[in-house]
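Protein chains: 4
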Amino acid sequence: MQLEKHQLDRHNDKLFNGHQRKLSFVQEFTPECEAIIKKLMAFQIGIPSWALGNGGTRFGRFSGAGEPRNLEEKIEDVGLLHALNRSSGAISLHIPWDSVADPSNIRNLATQYGLRFDAMNSNTFQDQKGQEQSYKFGSLQHTDKAVRKQAIEHNIEVIRQGVALGSEALTIWLADGSCFPGQLNFRNAFQRTLESLKEIYAALPAHWKVFIEYKAFEPNFYSTTVGDWGQSLLFANKLGPKAFTLVDLGHHLPNANIEQIVSLLLMEEKLGGFHFNDSKYGDDDLTAGSIKPYQLFLIFNELVEGMDARGMDHASDLGWMIDASHNIKDPLEDLMQSVEAIMIAYAQALSVDRKALQLAQQENDVVRAQEILQQAFRTDLRPLVAEARFRAGGALEPLSLFRDLELRKELIKERGRETVSTGL
Amino acid sequence: MQLEKHQLDRHNDKLFNGHQRKLSFVQEFTPECEAIIKKLMAFQIGIPSWALGNGGTRFGRFSGAGEPRNLEEKIEDVGLLHALNRSSGAISLHIPWDSVADPSNIRNLATQYGLRFDAMNSNTFQDQKGQEQSYKFGSLQHTDKAVRKQAIEHNIEVIRQGVALGSEALTIWLADGSCFPGQLNFRNAFQRTLESLKEIYAALPAHWKVFIEYKAFEPNFYSTTVGDWGQSLLFANKLGPKAFTLVDLGHHLPNANIEQIVSLLLMEEKLGGFHFNDSKYGDDDLTAGSIKPYQLFLIFNELVEGMDARGMDHASDLGWMIDASHNIKDPLEDLMQSVEAIMIAYAQALSVDRKALQLAQQENDVVRAQEILQQAFRTDLRPLVAEARFRAGGALEPLSLFRDLELRKELIKERGRETVSTGL
Amino acid sequence: MQLEKHQLDRHNDKLFNGHQRKLSFVQEFTPECEAIIKKLMAFQIGIPSWALGNGGTRFGRFSGAGEPRNLEEKIEDVGLLHALNRSSGAISLHIPWDSVADPSNIRNLATQYGLRFDAMNSNTFQDQKGQEQSYKFGSLQHTDKAVRKQAIEHNIEVIRQGVALGSEALTIWLADGSCFPGQLNFRNAFQRTLESLKEIYAALPAHWKVFIEYKAFEPNFYSTTVGDWGQSLLFANKLGPKAFTLVDLGHHLPNANIEQIVSLLLMEEKLGGFHFNDSKYGDDDLTAGSIKPYQLFLIFNELVEGMDARGMDHASDLGWMIDASHNIKDPLEDLMQSVEAIMIAYAQALSVDRKALQLAQQENDVVRAQEILQQAFRTDLRPLVAEARFRAGGALEPLSLFRDLELRKELIKERGRETVSTGL
Amino acid sequence: MQLEKHQLDRHNDKLFNGHQRKLSFVQEFTPECEAIIKKLMAFQIGIPSWALGNGGTRFGRFSGAGEPRNLEEKIEDVGLLHALNRSSGAISLHIPWDSVADPSNIRNLATQYGLRFDAMNSNTFQDQKGQEQSYKFGSLQHTDKAVRKQAIEHNIEVIRQGVALGSEALTIWLADGSCFPGQLNFRNAFQRTLESLKEIYAALPAHWKVFIEYKAFEPNFYSTTVGDWGQSLLFANKLGPKAFTLVDLGHHLPNANIEQIVSLLLMEEKLGGFHFNDSKYGDDDLTAGSIKPYQLFLIFNELVEGMDARGMDHASDLGWMIDASHNIKDPLEDLMQSVEAIMIAYAQALSVDRKALQLAQQENDVVRAQEILQQAFRTDLRPLVAEARFRAGGALEPLSLFRDLELRKELIKERGRETVSTGL
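So the protein sequences, as listed, match chains B, W, D and Z. The first sequence begins at 116 in our numbering and counts up by one. The second sequence begins at 116 in our numbering and counts up by one. The third sequence begins at 116 in our numbering and counts up by one. The fourth sequence begins at 116 in our numbering and counts up by one.
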């Protein structure tokens with residue numbers, strides 16, 4: 116299923132005048148709108164292949180309908196999304212769920228949809244059918260060398276598959292840790308993990324990066340071997356220049372100041388990428404911006420400031436990805452809401468009056484500094500986001516168009532009602 | 116598989132002298148040991164039928180081996196546990212996972228093992244195959260009357276099955292809630308839930324109780340309709356004298372003072388029962404006493420004090436149950452560790468010098484009050500727990516005996532390696 | 116020091132055209148702007164007398180300058196604030212810090228500034244010089260009757276003073292609790308507190324309310340006797356129809372869903388009032404809306420919905436107050452930022468499309484429900500707030516005017532640099 | 116006031132037989148008691164000079180009586196404590212609260228009591244009377260060079276005073292941070308702090324260490340510039356071999372796994388010292404072991420294992436100190452309870468069967484690993500602690516002796532009732 120140009124046009128035509136009216140209002144009161152729009156157009160957020168079906172919890176999973184049945188259909192879904200919002204031009208695969216026999220076919224398919232392959236994701240937190248060694252007690256940290264070897268080889272295989280697809284990064288999220296005091300010698304677990312990571316690192320192609328993702332807890336409930344940014348940074352530093360820390364917004368202890376972490380990782384030149392989602396309690400994996408939109412803005416505020424200070428390219432020097440679990444919403448609709456929230460936060464961060472902020476900070480004018488950030492956050496910049504989408508060939512209101520065209524109904528027609536996306 | 120008397124005897128004989136030596140030491144320095152032993156003997160902790168196989172997380176599940184394949188084998192497992200520790204004389208069933216065609220057979224089987232049927236548990240947090248209505252958006256709270264009706268009827272069916280087995284209580288844990296702001300009108304959700312509960316309440320036999328379990332979050336990640344003790348108490352009060360609050364140790368926000376909640380619920384005569392487990396982050400469902408044993412003791416301290424103040428019977432006036440998820444341990448070993456930790460905490464609470472404590476409280480002698488509680492907690496009362504077990508016909512060291520006899524190996528021989536317990 | 120009309124006029128004249136431009140844009144796209152403006156004009160937020168000087172932490176306090184030296188000057192400060200924003204038409208006193216010899220003079224002074232006296236606040240969390248009994252181990256909960264008596268009499272004295280000033284409510288925030296396990300018998304502490312509250316309740320004039328404020332922790336670090344909304348509601352119900360729960364946004368455990376609590380308290384007809392502030396970690400007492408503005412909006416969303424469902428008057432049927440600690444900002448500037456954030460959140464909540472939301476909820480259209488709330492939150496309604504202020508005779512941009520006129524400099528000139536506000 | 120030998124002897128004589136009875140029981144069942152006793156005797160915990168009077172919260176402070184009026188009396192208090200428990204042989208000073216004109220006199224006084232001077236503490240979180248620059252917006256991080264310079268010079272002055280007293284370490288706890296988003300550029304604040312620390316580091320004598328203490332929040336409520344162990348480690352690594360991280364148990368986000376942090380810092384050879392206390396909510400500064408004794412044991416378990424792995428000397432290679440706030444208990448009694456809890460946890464950690472634990476870890480025998488730790492924790496090792504105290508010349512039951520001799524009454528007689536310890 117593909118979005119037809121005339122469908123898009125009809126939608127945009129209908130909304131054009133209202134949009135223009137709002138856009139020119141924003142332009143009247145916001146400096147540098149044109150620059151912001153250009154940056155918004157360049158900004159692409161990777162979509163994880165496992166977020167195209169409904170996720171669940173340990174208590175159960177409620178299937179959606181018309182979920183993609185294979186990698187081809189997942190690519191089709193992301194292609195559809197990208198056609199609608201022109202900000203989802205990358206897909207992130209998960210091996211073995213998305214293992215493919217013929218990568219060049221898959222690569223061609225993606226190209227047709229204007230998609231590239233974002234960071235590859237390995238999986239050593241589950242046992243696959245027929246797998247020789249079990250990850251019950253960890254993978255790269257395991258006390259048994261044979262388990263570590265299997266996990267290392269799996270990661271190298273993921274790199275191999277990624278190379279074939281044109282990806283240039285590997286994301287390693289390790290569930291490794293312990294559920295009970297005494298289970299693990301933390302130091303030894305760290306050292307074994309480091310040795311394993313070194314072997315994977317050695318297999319990285321020259322231009323590849325490896326992202327070390329940290330997480331405070333779950334599925335291990337006492338300790339996690341890459342448990343916070345400090346641990347991830349230790350690993351990244353010990354590994355070398357291709358290793359970076361990856362920040363997932365849901366992977367922190369309660370009340371953590373994530374924007375400060377982001378700033379410091381940029382300072383250390385070790386921030387590698389981002390997993391967007393939102394949460395109230397733990398790794399809730401909710402729609403980005405649905406719970407704490409101001410935090411999302413503050414994070415982007417640090418990203419923009421820190422990347423600009425280093426002369427980094429916003430669009431390409433960090434890996435941007437959504438990592439959410441769509442338990443009760445239509446996955447495509449949910450992703451559209453996440454992308455929208457991310458783009459708004461990015462636009463707001465771009466609109467911050469940096470010079471005034473620096474001056475206020477220099478003078479410890481706390482009231483003024485707050486006013487400057489709130490001014491950016493309270494201003495309704497959605498017209499800029501819509502304009503960027505429009506100029507890039509997308510829909511002014513992607514979600515409305517998706518619903519108006521009853522695209523999910525089409526997908527169900529094609530794929531059936533009872534499908535379950537691989538990996539879910 | 117059943118534990119033979121001669122196996123028990125050989126084990127106890129071997130350990131008897133050492134045990135006696137320790138017991139008499141404790142008796143020398145602890146007042147009222149005999150009374151404590153008697154109370155320990157009477158105290159029985161219900162075992163949930165779903166805790167006999169390995170549990171998992173949303174990221175995966177690592178199967179154990181020799182897991183019970185049906186309700187009969189679950190009863191056999193609890194029977195084995197009870198033969199070992201003589202403190203696990205009840206099983207708590209979960210419908211539909213444990214639905215039985217012939218309840219009288221099952222009842223006889225349980226009787227053979229010296230087990231009674233604890234509170235029945237309904238399930239409206241998952242969709243069962245072939246189920247007409249979906250619980251994706253809640254059950255007793257659902258906006259659609261047909262869904263509510265289905266959930267109400269399920270609960271009434273659970274009561275019916277419980278009556279046939281001789282159970283006398285229904286535990287309702289509702290996953291109902293919302294994942295996103297706006298999804299739910301909290302007030303209306305409360306009212307609909309209340310109406311549904313009233314219908315279930317009306318179906319309770321005269322001598323039955325219903326336990327309203329609360330939980331702060333998960334599987335819903337924005338709001339839960341029975342989210343804390345205050346909400347549960349509201350429901351219990353609006354329902355009537357047969358309705359009570361059930362406290363699960365893992366169902367609170369970070370840092371909650373659970374012992375205070377217990378005390379106040381006893382004050383209001385609305386504490387109904389307990390789900391034991393331990394946790395560091397959320398509803399981690401770890402072995403009781405494995406993370407915060409002092410908290411477990413403090414809770415028992417309130418239970419003993421509060422029940423004694425009302426002249427309640429410790430063993431029978433509240434429902435005591437373990438509710439844990441054995442993700443990486445052998446379920447039977449894990450349960451033995453939980454029961455042991457609970458019995459120790461109970462013994463310590465029984466040994467608190469109540470009069471001295473009251474006096475210290477009266478005089479605001481905070482240092483002394485702390486000394487009194489720490490004296491009880493720091494004293495090694497394991498010999499009293501072992502003695503109670505021994506006198507009741509159990510093993511002095513259940514876990515050692517279980518391992519020495521290689522009972523799991525026996526179970527695997529009987530049941531096979533690849534079994535998965537129903538409901539997991 | 117008083118704001119002159121010509122100063123206000125000059126300020127408003129200068130900004131008028133820009134404001135009009137923005138206002139008409141909002142009006143074009145937002146239904147019922149006129150009704151929203153009217154409600155905003157009627158809405159008044161009480162200012163606590165202790166928030167007019169710089170607050171501190173246990174580690175120290177950094178004085179501001181030109182702080183009010185007495186109650187008269189505190190009233191002057193609130194008067195100035197109210198002249199600027201026309202939304203701060205009430206002051207909330209704290210006894211003994213604000214005890215006055217001649218209430219009618221004070222009353223006249225307040226009237227001159229257009230201020231009324233909001234809820235009175237008692238203080239039994241500190242020992243005052245020369246006080247007979249100490250509150251070291253609590254006040255209304257104390258084991259010693261003489262201490263309770265002193266605390267009860269103090270509260271009754273506060274009522275008496277409030278009556279003389281025309282206040283109609285008493286807020287009781289109790290620090291009572293315990294720092295260590297064992298220190299307190301929770302049940303007895305509750306009962307003693309209840310008995311004490313009953314005596315205070317009996318002294319309430321016919322039209323008065325008493326607000327029972329809860330708080331999870333601090334200054335007691337193990338238990339608090341009125342620790343959460345459930346406990347406060349128990350007290351309020353046991354006391355009678357004049358007793359209500361007061362919600363302070365910073366008084367919860369991490370991750371609490373405050374908007375749900377608000378909704379349920381409204382359902383139970385026991386929500387009495389609100390203390391606004393914001394926080395990241397505990398009772399941080401930061402500027403309202405400075406950390407989690409979306410949460411503030413969600414709370415107002417419940418307030419508007421719940422009050423409308425009961426036909427309550429937004430402006431008068433609940434007590435609205437700021438309770439913050441201005442540790443590093445100019446107190447008046449900080450209060451202006453808080454009031455602005457509150458008014459924006461209120462305006463956004465008023466603009467929610469209620470009918471569409473109800474429909475989405477009815478149909479479990481979670482995506483749509485989120486869109487509706489985000490539409491309200493993302494729309495820039497500041498022009499409506501400014502218009503309401505303007506029509507009521509205030510400044511279009513109060514903070515700018517305050518700074519342009521260098522009003523703090525004026526206050527320092529009048530009062531001196533080294534002043535410390537009473538109670539700080 | 117000094118403890119007389121005959122008073123000690125009388126106390127010990129009375130308790131000797133009971134003690135011997137318990138000791139020999141422990142010796143019968145616990146291997147290597149003699150080695151444990153020796154290590155307990157060598158272990159000394161520093162007492163902070165500011166913990167000898169009653170502390171308070173921002174809401175108030177309830178004075179005790181007989182508090183030390185000057186440094187001499189603080190030393191007297193620690194001397195008394197040390198005479199009682201023989202484990203408090205060091206005092207940690209806080210400048211300017213404990214600044215002395217004549218260090219050699221003070222040094223002699225301490226020597227008379229058998230005390231040495233532990234790490235010195237600087238204070239840049241408060242403004243002292245007459246101080247030129249204010250720390251309202253930070254000290255070492257401040258945007259104004261003059262403020263940084265003042266703070267640097269203060270730290271160097273503290274080193275100078277410490278040298279005169281024979282101390283060999285400087286502890287820097289920085290309150291520096293921000294209360295509101297936007298207030299601070301995190302990166303610049305980090306860099307300025309680093310530059311300032313480098314100047315202080317350069318002033319360290321050859322054999323000195325500097326401890327960089329981290330804290331998650333309070334008194335700043337949005338960000339802290341040395342906010343977690345990762346940030347502290349970054350600073351320590353950038354400074355050089357004399358710089359170390361200091362862990363205070365109360366300075367973490369909710370649910371942090373502190374024992375893992377300890378283990379990793381030891382791995383990195385950057386753990387410098389410890390501040391003991393306990394807490395339920397934040398930096399509650401309660402008596403060590405009063406809330407989570409098992410956590411305290413688990414931390415010591417990592418300390419013993421990690422230090423032994425490096426061949427470190429338990430008694431001298433890390434800085435051990437209590438840092439608590441005695442808000443409602445007699446400070447000396449409170450300190451005795453803290454020291455006792457620490458010694459018990461240390462003894463338990465020493466008694467862990469390391470070889471068996473390693474084996475269980477190697478085999479992923481999680482149940483066994485838990486049993487091994489619980490065996491150590493559940494065993495009542497208080498007789499070993501008492502024996503160590505006794506052999507070192509202290510009291511078998513320090514708290515009882517303190518109360519029996521009515522030592523506080525004596526101190527009040529000497530010093531008066533209304534004293535307030537300097538710095539409180």
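Hints were generated in silico from the structure; no laboratory data involved. There could be a bad hint or two in this list.
Chain copies aren't distinguished; within one or between two, either way the pair holds.
As the list claims (entries may be wrong) - No farther apart than 30 angstroms at their CA atoms in a straight line, the calculated lysine-lysine pairs in the DSSO-like style are these:
id, residue 1, residue 2
1, Lys385, Lys357
2, Lys324, Lys129
3, Lys260, Lys524
4, Lys353, Lys385
5, Lys324, Lys524
6, Lys524, Lys120
7, Lys313, Lys385
Hints and how they fare:
{"no.": "1", "hint": "Lys385 - Lys357", "verdict": "both (9 angstroms within a copy, 25 angstroms between copies)"}
{"no.": "2", "hint": "Lys324 - Lys129", "verdict": "neither (44 angstroms within a copy, 55 angstroms between copies)"}
{"no.": "3", "hint": "Lys260 - Lys524", "verdict": "between (50 angstroms within a copy, 26 angstroms between copies)"}
{"no.": "4", "hint": "Lys353 - Lys385", "verdict": "both (12 angstroms within a copy, 16 angstroms between copies)"}
{"no.": "5", "hint": "Lys324 - Lys524", "verdict": "neither (39 angstroms within a copy, 46 angstroms between copies)"}
{"no.": "6", "hint": "Lys524 - Lys120", "verdict": "within (19 angstroms within a copy, 63 angstroms between copies)"}
{"no.": "7", "hint": "Lys313 - Lys385", "verdict": "both (17 angstroms within a copy, 23 angstroms between copies)"}
Against the hints set out earlier in the document, violations occur for numbers 2 and 5.
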